[in-house]
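Protein chains: 2
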Amino acid sequence: MSTFAKLDRLVNPRRIAIIGASPRDTSQGRRLLDNVVQHSAFDGEVVLVNPAYEAIGERRCWPSVASIPAGEIDVALVIVNASLVLDTLRQCAAREIPFAIVMTSGFAEAGDDGKALEAEIRALCQTTSLRVYGPNCPGFVNVRDRLGMTFSPAFKDDLNAGSIGVATQGGGLGRNILQGLSFGDGVGLWFSAGNEVDLDVPDFIAHMAHDPAIRVISVLMEGVKDGRRLADALSLARDHGKPVVVLKIGRSELGIRAAQSHTASIAGSAAVNSAAFRQFGAIEVDDLDELVAVSRMLAAPSPKPDSGLCIVTFSGGTAALAADIVGAHGLPLAELSSATREALAQRLPAFASIANPVDTTADILRNGELMRDCLRAICSDPRVDTVLFPIPMDYAGITADMAKTLIDAAAENAGAMIVPVWMSRRMGEGFAQLENGGMFPYLSLTSAIRALKKTGRVRPAPAQQAPAHDAAPVPSQHSKPLSEVEAKQMLLEHGIAVPSGRLARSPEEAAAHARQIGLPVVMKVVSQQILHKTEAGGVRLGLSSEAEVREAYAGISADVTDRRPDANIDGILVEKMLPAGGREMLIGVHRDEAFGPVLTVGLGGIFVEVMKDVAHRVIPITPRDAHDMLREIRYFQLLEGVRGQPPADIAALEALLVKVSDFAHQHRDELLELDLNPVWVGTQGQGAIPLDALVVQRA
Amino acid sequence: MSTFAKLDRLVNPRRIAIIGASPRDTSQGRRLLDNVVQHSAFDGEVVLVNPAYEAIGERRCWPSVASIPAGEIDVALVIVNASLVLDTLRQCAAREIPFAIVMTSGFAEAGDDGKALEAEIRALCQTTSLRVYGPNCPGFVNVRDRLGMTFSPAFKDDLNAGSIGVATQGGGLGRNILQGLSFGDGVGLWFSAGNEVDLDVPDFIAHMAHDPAIRVISVLMEGVKDGRRLADALSLARDHGKPVVVLKIGRSELGIRAAQSHTASIAGSAAVNSAAFRQFGAIEVDDLDELVAVSRMLAAPSPKPDSGLCIVTFSGGTAALAADIVGAHGLPLAELSSATREALAQRLPAFASIANPVDTTADILRNGELMRDCLRAICSDPRVDTVLFPIPMDYAGITADMAKTLIDAAAENAGAMIVPVWMSRRMGEGFAQLENGGMFPYLSLTSAIRALKKTGRVRPAPAQQAPAHDAAPVPSQHSKPLSEVEAKQMLLEHGIAVPSGRLARSPEEAAAHARQIGLPVVMKVVSQQILHKTEAGGVRLGLSSEAEVREAYAGISADVTDRRPDANIDGILVEKMLPAGGREMLIGVHRDEAFGPVLTVGLGGIFVEVMKDVAHRVIPITPRDAHDMLREIRYFQLLEGVRGQPPADIAALEALLVKVSDFAHQHRDELLELDLNPVWVGTQGQGAIPLDALVVQRA
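As they're listed, the protein sequences go chains A and B. Numbered as in the working numbering, the first sequence ends at 699 without a single skipped number. Numbered as in the working numbering, the second sequence ends at 699 without a single skipped number.
Worth flagging that the hints you see were computed from the coordinates, not collected in a lab. Do not rely on the hints blindly, as some may be mistaken.
When chains are identical, the list treats them as one kind, so a pair holds in a single copy or across two.
[Stated by the list, open to error] Distance condition first, Cα-Cα at most 30 Å in a straight line; then the derived DSSO-like pairs of lysine-lysine:
(1) 304 with 454
(2) 533 with 480
(3) 453 with 612
(4) 454 with 612
These figures come from a predicted structure and were not determined experimentally.
Just chain A, with the same shape it has in the complex:
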């Protein structure tokens, strides 16, 4: 386990020295001084150092750190010119000051001279008891105790203290996080240590893991200097039950390059970073607004952790859209208890929807009491711990009143968290009300639902086993499957090549067919009752002599009779066997409720069964559609050839798709289903040929 700095005297100092304090209006030294003495609630002692002044205001100013009178100093705030920083830090070390925050820029981010300076600072930290925070940083902000050891003019607005701890490298984006947490549960501590010459993000995570007033740790990183220390700090937070949310820049080449030019930090591999976050229990997010949203949601743990999500809104379309996006994220909706449904049914009009999603109808727009009653019933349902409340439009005073009702309901109903979504771009009074009321209105359904998922507040529904694509259709009085021979004959008449083949009714006839067609051949049972020929023992491949063909005839007859005594055998199909090494595809046609006949193409075998790697087009298709739909297949490159394999005959496959589409279009009135599976696709010039065909027609 790595060791982490003990930061208590940095976080809650009693005596602070400001090195580079200045009375000049526009200087950083002045802004820093003002933040510490005017905008902070710091009641310890502040000592100023600047050789240019004897005093600033009523405070004495010392010419150097060495000249400060005796007495322990906890933190030196250093804002002198870069060339003076090293000497200043040496004096701090000599005075046994435990912490220095160096805000000055012009170090590693500025080039090789700066890197050399940083190496000397690092060496100083290793040989003395001084620990350095920075350089090239905005400083440290203890929002909770109202102490801003920062030159940022925005500090005076950092008033909203809370339980979220923030650790960043660069300062600019950290400011975004603080603004995002301006209301409700806000920020406790904000560490932003710039170039991390000594103290680093893992130190801050470890400190906050131990801090009882921090509930969630929010981290923004441009680079990982030491993965092992980061992993250990994340483990520590996990052990202390503190969720960590991380946004790590560097998941694309563009980001890695931009971050390196900005911070000179190590990017590492994005895949390894993400894996490490998962391994050590951190939640990774994709954008800054998501970092804020997920951190905020985690700060309010659920009192009913095994219950679920309810959508409540006053517009039917909004209810449907919200439910759709919840489902598209793989999340479930809770089933409301009958007591809740009864309570809603009593209060809401008949055309309201009292199932989940709940559509209260617009009746609640002007009836706050009704809205309150509905929310009370839903929040107290033991199956509901989260209420998603989308507001699709701004109705000025009406939505402002609604915001007030929501804030009251949230205060009154501790049983469930209410998550409002302000969907309109009109940021009306209602939005400001919700924000000021600490409700954290999300700005889109997707962002709220992603946060519910990322935080684990709503857990994914168990995956449902999709029916296998090639499940044979159940013959019914409305549909009639053709035999393979009939189906292939239909295709052939439409100009779609199939393997040469003839139906045999005896071993001798089979051998004669094989001789005529040319060896090797395959043989397949033909029976109205048998859709799965292989399972019925009705298929033999690679028969390369007439003796084998005769033997196969007998074998198939025996096996099928044995396994499917119910089936009438029409005969056994003897077909030319195509060369080995072809790729297997499937081509299918089914009827869509809305669009009618639809063409499907996919890679065969596990690709369609396990990976569902298929593309669709409404029939009829153009050659351009055939081209495009093949390239929508996720693993299309398998057709182009991988591992030195030659490319498949893609042109023939595209032509076949168009022919199948034309065929289905021509027979659109009677065709219910067509399955060509597998379709054999040879290498360039060899063609694309359906090996099996199932046609189901209207009876």
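Starting from the known structure of chain A, fit chain B onto it as the hints suggest.
Chain B only, in chain A's frame:
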């Protein structure tokens, strides 16, 4: 091709009848009347019908449609009780009124009686020249010509006309779209035909495809009634060069169910819907805010369509984050011309970044002139047609000034579209300025970048061929690969089972080894110079007699000498061959810059080479990590068994992962790389055994 209604007299009527007009303050008939006569700029004639009144205000009120005096009526607005609708429509048909907008609710959405009523209305439309819009809808809004044939009290705020045409089914979410387009290029026409008893969304799309003042068509659908008509309307829009943006509810079971209970419409298959949108050229989006954002972006076509994207911001971290998200979406950044870079270098401080992403530094915060100059230089770069300008925080007056500068720059620089991103949750004055100025500030980097991608404004970078995972490391002076025999010996000493094997140096020795090990065996050349044994002709599998073994020894020796005359052959490894039917995995260890040794596991063959289907963990791992990382593999189910295959020995594979992790951790100082590829995994109880092993150590 389907036929579509000609809607000109509906869209621009000269004479309107309001059936159900009312003077009662809270009635819908009153709100409709007010919208048409007070809030619209309609200068045609308005005729009122209501048997309860003789007059409303100064307007005469007729008892029935039949009683209206002679003269052509273009549109009847019907807001009478549901039970009176059918009779009213019959009168309209008799009067040869071409269009009726029925706003009344209580039809198909209310149950079977309503469905029967709709069937009668549909029959009426089929047998007369009357076309019906509705029922159960808020009406039709012609924003462009300021005519609101709607009872919505929000119509009076629908003032922002523009080139975007909107078609929805439900009304509530349409209101969100109109609010989202409140500034800048707004809405031309908004059709919202509720239950679509006759006129439907395809009619509206087709009308707008022909309307020269509509540039973009924005569609929100809960169900598709007739896919063929929709496809034909989309084709028409494509042929007229009008992009169509579609949000279709019903991509999850939850959404389908909610939409059906709300509109009683057909959901269809989500995959087929999406495929049809692609096929007929529509852009599908995932959420309502995206529908608005993408529609808005499409309304401003690029004057330089073959140029690219430039990021400009004043914070280094923001520049890096924005570039990262651009890259993560597979989009490229433009390379600025040298003239642009020179212009920026002259004006910006030395520590600015003048490459793309451009980091101007905070100098532009208080220097509008500098910001203007930079934007001018970038917008006039022939390689740039889009400028993404993220504003990470609200600095009150400072960001408000910045907004003004952006608005001016957008007006001045027609050469590129400026896309501002308001990243802060503080919706300060600057946000309002941008919004009022018609700049459409996006609310997150991701939403802006997704819109750039969805619109095709920025086209994906060509995919880069990732290096194959199993590319052998180049031996260098710092690294030393062990032979397969040495590597397997190391594994064996660590308790990792490998196939029994011995090195042979003659055909006779090979046969003796094979006898001792037990047939069948595999044989592999061992040579320091040969990392790819198969390619060198150095592998033989499935040797099942001593004669075959002897022959294989000679064959390998000859082939390798032939293909790799440079290689010294140390001997040929004779190994026990494992049963057929095992699954192939790979397990690897490499050193990550930040985290040190990292373990990788994946499905072998094409799964790792083509699909990159692997999972990582920082070493050392726990049994829990081994369990979790296997389940992070996308196609983990192949190990559980698909298509009736028995499950693989997952427990043995997990145990092997932990052992390999321990092995690598123990050798962490000298181990540079470990590749076990393939690892054979049998069925339950058969174990998991590396068949090949490559170990590279520090030299």
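To see whether the hints hold, each was checked on the structure:
When the C-alpha separation of residue 304 and residue 454 is checked against a cutoff of 30 Å, the pair qualifies only within one copy, where the shortest distance is 18 Å, while the shortest distance between copies is 40 Å. With identical chains, the CA atoms of residue 533 and residue 480 are at most 30 Å apart within one copy only, with a shortest distance of 18 Å there and 55 Å across copies. When the C-alpha separation of residue 453 and residue 612 is checked against a cutoff of 30 Å, the pair qualifies both within a copy, at 24 Å, and between copies, at 25 Å. Taking the closest pair of Cα atoms, residue 454 and residue 612 come within 30 Å of each other both inside a single copy (25 Å) and across two copies (24 Å).
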